[in-house]
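**Student:** As a plain string of letters, each chain reads:
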Amino acid sequence: MDALGSLQYLATGFGVATTSENLFYCLAGAIVGTLVGVLPGLGPIAGIALLIPATFNLNATSAIIMLAGIYYGAMYGGSTTSILLNVPGETASVMTCIDGYQMAKKGRAGPALAICAIGSFVAGGLAILGLVFLAPPLAEAALAFGPPEFFSLMVFGFVVLSNVTGGSLIKSLMMAVVGLIIGTIGLDPVSGNPRFTFGYVSLLGGIEFVAVAIGLFGIGEVLMNAEQPVEILEQRVLVPRLRDLYPSLRDLKQSVGAILRGTGIGFGVGLVPGPAPVIATYASYMVEKRISDHPETFGHGAIEGVAGPESANNAACQAAFIPLFVLGIPFAPPTAILLGALLIHGVNPGPAMIAEHPQLFWGVVASMYIGNVILLLLNLPFVPLFANILRIPKKVLLPLVMLFCLTGMYSVNNFMLDLWVMLGCGALGYLMRKWAYEGAPLLLALVLGPKLEVAFRQSLMISHGGFGIFVERPVSLVFLVATLGFLLLPLLRYTVRSLGHRAAAV
Amino acid sequence: MIPALLLLLFGAVTAGLSFQIRVGTLRAPGPGFFPFYLGLLLILLAGIHLAQSWRWRSDLPDDSADAAPHGSWQRVLLFLVATVLSTGSLTVVGYPLAAFVLMALLLYVLGVRRWAHVVVIAVCAAGASYALFVRWLQIPLPTGRFGL
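Just so you know, the protein sequences line up as chains A and B, in that order. All the letters of the first sequence, read from the start, carry residue numbers 21 to 526 under my numbering. All the letters of the second sequence, read from the start, carry residue numbers 61 to 208 under my numbering.
Treat the hints as calculated values from the structure; they're not laboratory data. The C-beta atom is built at its ideal place from N, Cα and C for all residues, glycine as well. Just to be clear, a hint being listed does not mean it is correct.
[As the list claims (entries may be wrong)] Between beta-carbon pairs, the in silico distance windows are:
{"no.": "1", "chain 1": "A", "residue 1": "Ile482", "chain 2": "B", "residue 2": "Gln112", "range": "29 to 39 Å"}
{"no.": "2", "chain 1": "A", "residue 1": "Thr111", "chain 2": "B", "residue 2": "Ile108", "range": "50 to 60 Å"}
{"no.": "3", "chain 1": "A", "residue 1": "Pro315", "chain 2": "B", "residue 2": "Arg195", "range": "54 to 64 Å"}
{"no.": "4", "chain 1": "B", "residue 1": "Gln198", "chain 2": "A", "residue 2": "Thr32", "range": "31 to 41 Å"}
{"no.": "5", "chain 1": "B", "residue 1": "Ala88", "chain 2": "A", "residue 2": "Asn368", "range": "23 to 33 Å"}
{"no.": "6", "chain 1": "B", "residue 1": "Ala188", "chain 2": "A", "residue 2": "Lys126", "range": "38 to 48 Å"}
{"no.": "7", "chain 1": "B", "residue 1": "Gln198", "chain 2": "A", "residue 2": "Ser40", "range": "17 to 27 Å"}
{"no.": "8", "chain 1": "B", "residue 1": "Ala72", "chain 2": "A", "residue 2": "Gly444", "range": "19 to 29 Å"}
{"no.": "9", "chain 1": "B", "residue 1": "Ala188", "chain 2": "A", "residue 2": "Ala23", "range": "46 to 56 Å"}
{"no.": "10", "chain 1": "A", "residue 1": "Leu163", "chain 2": "B", "residue 2": "Ala191", "range": "46 to 56 Å"}
Next comes chain B alone, as it looks inside the complex (with noise of 0.2 Å):
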C-alpha cells in the first residue's frame, strides 16, 4: 500500500511540475509534454494497483512479505547514517581521513568490536584506496581544509 502511495504522489508532482513547464499540443509538444504523461501514466498504473491490492487483499497472498526474510533494519539504518556522515564529512577532512572514518564506522556498525581490529583493518583500507586511487590513478579526490 505505502508504495504505491508513494508512487502515486510522485506522479502527481511530475504532472504538476511539467505542466508549469509547457506542455504543449501533439502538433506541437513542448518540453513538459512527455514527461507530463508519463506522470498521469504513473497516476493510473499505481492507481490499478491500489485498487487490484484493496479487492484481493485477502485472498492475494502478499509477495513483500516473503520476498526477503526480516533481519536488523536498525542495523540497515545505522549503516546508511554512518554512510552519509562520513561522505559529508569528505570535503571537510579529506579523502584519506574520510576513508578511515567510512571503514571505522561501517565495521563497527558490522560488529566488529575489537579496536585494534577496526583500526588495523581501516587504516589498510584507506592507505590503500589512497595510493590506488590518488597516487596512482591521479583522481583529484577532495583534499579538505587541511589539505591531505
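Chain A on its own, in the form it takes in the complex (with noise of 0.2 Å):
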C-alpha cells in the first residue's frame, strides 16, 4: 500500500470515528483514561481490563476505540499527580515528578500542566502518523511469516521484555514460564484434550485473562496500599491552587525541542518489545539533560525535563499499537489486555487484519487523533477538578476500587469461579511485589501462550519433528540470534566486570 492510499484510507476512518455512536466511546475512554492516570493505584493495565466488561454490548470497533482511550488517556492523566503531589499516577510519569513538581513549588505548576498537554497533544499527533504511514507495509511483509518465525518472533518478545522490565532476567523469565503454563489449562489448541481441568467443565476455556490481569495489576496494587501506616491511609490531598495555566513564549521555545526529540525517542522506543513508555521517558530525560546548555538547571524545575519524557511516553504508548495491530503480537502489557479485547471481539490481529478489518484498523487511528484533541480539550480547563478526586482519602478509595473489581470481574462471564482466580491473583500479586518479581511476563506470556503453542507444533509438524525449521528460515534465524545475544548480555557484563576487578587487584 502506498502512502496515498493509507491517507485514502485514513480519511475513510475518520468516517467511522466520526459517528456519534465512536465519537462518544472515544470520550468515553479519554474520561476513564485520565481518571485511571490520576489515580495512583489503578494503572492502564487494570482500567482496561476492569472496562473489557462494559464493551460486550459494542462492536469490535466502539470497543477497542474506548480502550485504547483508556490506554493514552492514562499517559494524559498520569502526569497530573506527578506535577501538583510528586506522586506519579502510573509508572511512565516517574520522571516527570523530578522537575515537573519543582515547578509546581514555585508556583509554575499551570505551564508545567499546560506544557505536559501540549507535547503529548504533538508526540501523539506525530506518533500516529508513524502508524499511519508504517503500518501497512510492516503488514505486508509479516504476511510472509509461517509459525517458525512467529514462534522465534514471541520468543524474541520474551525474552526482551523479560530484560528490560528492570528486574533480575532469571526471575522475569521464570514468571514468564509460569505464564506459558497457567496459559495451557483448558482445552488444547491443537488436539482439543482437556488439559489441568481436574474435571471441572469451568476450567476447559482456560484461566480467564481479564482475572489474572486485575488480580495482578489492580488488587496487588490495592493489597501495597492496604499495607501502609495508617497515617498515609487518612491522608487527605491539598490541591494547589492553580493561578496561570498558559505557559509563557519562552517556555514554549524551550521546550519545541525537547518534544520533537522526546516524540522521536518514544517512538523508537514503542516499537521494541518492553514497557516502552517507562523507558522512553528515562531515555528522553537523560538526553535532554546532556545536551542542554544550563544542566543544572534539571532537577530544579526545567521545563524540558517535563515537556521532553511526557511527549516520549504518548509517543511510545502510540507507537506499541504498530506490534499488536501488525504482528498480532503485543510487546508491554496493556497492548496484551487489549489484544484480549480484539480475541473476545472475535478479531484475531496479525498481518492480515488490516486488509480483513479495515473499518476497524483505520476507524481506531483515527480515533487516536480525535481522541488526543479531547484529550487537550480535557486536561487543560479540567486539571482542578480531576486533581480534586484526590481528595478522596484512600482508606476509602481502596474498599471502593475492591467493590469495581469484584463487581466488574463478574459481570464478564457471570462466574463466581473468575472472582475466586482474581483473589488468587490479587494475593499472588502482592507476594509477587514484596519478593521483587515483574508481573508484567506473566501476563504477556498468558495471552500469548496458547499463539506460542500451536506456532511451535504447527512448526515442528512442518519440519516433521526437526528443530532445524527455526534455524534455516532466515527471519526466524535473526530473532534467535538476537534472542541469544539479550540473554547472554548479562552475562558478558558480569564477565568483563570480574575481569575488571581482578586487573584492578593486580
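Dock chain one against chain two, each of which comes alone in its own frame, and use the hints as you go.
**Tutor:** Right, dumping it as C-alpha cells:
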C-alpha cells in the first residue's frame, strides 16, 4: 500500500470515528483513562481490564476505540499527580515528578501541566502519523511469516521484555514460564484434549486472563496500599490552586526541541518489546539533560525535563500499537490486554487484520487523533477537577476500588470461579511485589501462550519433528540470534566486570 | 529462597501432571508436550536461581527486602480475609447485601472507626453500584436466597 492509499484509508477511518456513537466511546475512554492515570494504584492495565465487560454489547470498533482511549488517556492523566503532588499516577510519569513538582513548588504548576498536555498532543499526533505510514507496509512484509517466524519472534519478545523490566532476568523468565504454563489450562488448541481441568467444566475455556490482569495489577496494588501506615491511609491531599495555566512564549520556545526529540525517542522505543513508555521517559530525560545548555537547572524545575518525557511516553504508547496491529503480538502488558479484548470481539490481529478489518484498523487510528484533541481539551481546563478526586482519602478509595474490581470481574462471564481466580492472583500479585518478581512477563505469556504453542507445534509438524526449521529460515534465525544476544548480555557484563575487578586487584 | 523453591515445586508438579496426559514425541507431540517441557524449563530456571542466590548470598544485595517498605502485613491479611468472606457470601445473601458487607468490613479494616461513617459510606457505595450494575447495566449479579 502506498502513502496516498494510506491517507485515503485514513479519511474513511475518520468517517468511522466521527459517528456520534464512536465519538461518545472515544470521549468515555479519554475520561476513564485520565481518571485511571490520576488515581495512583490503578494503572492503565487494570483500567482497561476493568472496562472490558462494559464493551460486550458494543461492536469491535467502538470497543477498541474506547479501550485504546483508556491507554493513551492514562499517559495524559499520569502527569497531573506527578506535577501537583510528586506522586506518579502511573509508572510512565515517574520522570515527570522530578522537574514537574519543582515547577509546581515555584508556583509554575499551570505552565508545567499545559506543556505536558501540549507535548503529549504533538507527540501523539506525530506518532499516529508514523502508525498510518508504517503499519500497512510492515503488515504486508509480515504476511510472509509462517509458524517458525512467529515462534521465534514471540520468544524474542519474552526475553527482551524480561530483560528490560528492571528486575532480575531469571526471575522475569520464570514468571514468563509460569504464565505459559497457566495458559495451557483448558482445551489443547491443537488436539482438543482437556488439560489440567481436574474435571471442572468451567476450566475448559482456560483461565480468564481478565481475572489474572485485574488480580495481579489491580488488587495486588490495592493490597500494597492497604499495607501502608494509618497516617498515609488517612491523608487528604492538598491540591494547589492554579493561578495561571498558560505557558509563556519563552516556555514554549524552550520546550519545542524537547517535545520533538521526546517524540522520536518514544516512537523508536515503542516499536521494540518492553514497557516502552517507562523506558522512553527515562531516555528522553537523560538526553535532555545531556544536551542542555544549562544542565544545572534539571531537578530544579527545568521545563524541558517535563516536556521531553511526557512527549516520549505518549509517542511510545501510540507506537506500541504497531506490533499489536501488524503482528498480532503485543510487546507490553497494556497492549496484551487489548489483544485479549480484540479476541473477545472475534478479531484476530495479525498481518492480515488491516486488510480484513479496514473499518476497525483505520477507525481506531483516526479515533486516536480525535482522542488526542479531546484529551487536550479535557486536560487543560479541567485539571483542577480531576485533581480533586485525589481528596478522597485512601481508606475510602481502596474499598471502592475493590468493590468495583469484584463487580466488574463478575460481569465478564457471570462466573464465581473468576472471582476466586482474581482474588488468588491478587494475593499472588502482592507476594510478587514483596519478593520483587515482575507481573508483566506472566501476563504477556498468559495471553500469548496458546499462540506460541500453536506456532511451535505447527513448525514441528512442517519439519516432521526437526528443530532445524527454526534456524534454517532466515527471519526466524535473526530473531533467535537476537534472543541469544539478549540472554548472554548480562553474563557478558558480569564477566567483564569480574575481569575488571581482577585487573584492578593485580 | 522461598519463592524459588515454590517455583521449583510448581515446575515439578506441572511436568508430573503433563506426563499423565501424554507427552508424545517431537514428530507427533501430544497435549502434554508443551506443558511438560515448560515444567522442565521452570525447574531448570528455578534451580539456576537457587544456585545463584546460594553462591552469592553474601555479596548480592537482597533485592526483595528493599523492593517494598515493610508495613502492616496483618492488615493486608485482614483485608484479604474480609474480601474472601464477603465474596463467599455473594451467592447466599445477594449482591447488594454482600457489597454492603464488603465495604463495611474493608472500611473498618483500613481504620474508619466511626460507625456512622462506616454505615453511611457502605450504604451509599452498595446502593450506587447496585443502581449502576444491576438496574442500569442489567448485569445478572447473584440475587442470593432472599432474592435481592
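**Student:** Which of the numbered hints are not met once you compare them with the structure shown?
**Tutor:** Structure breaks hint 2 only.
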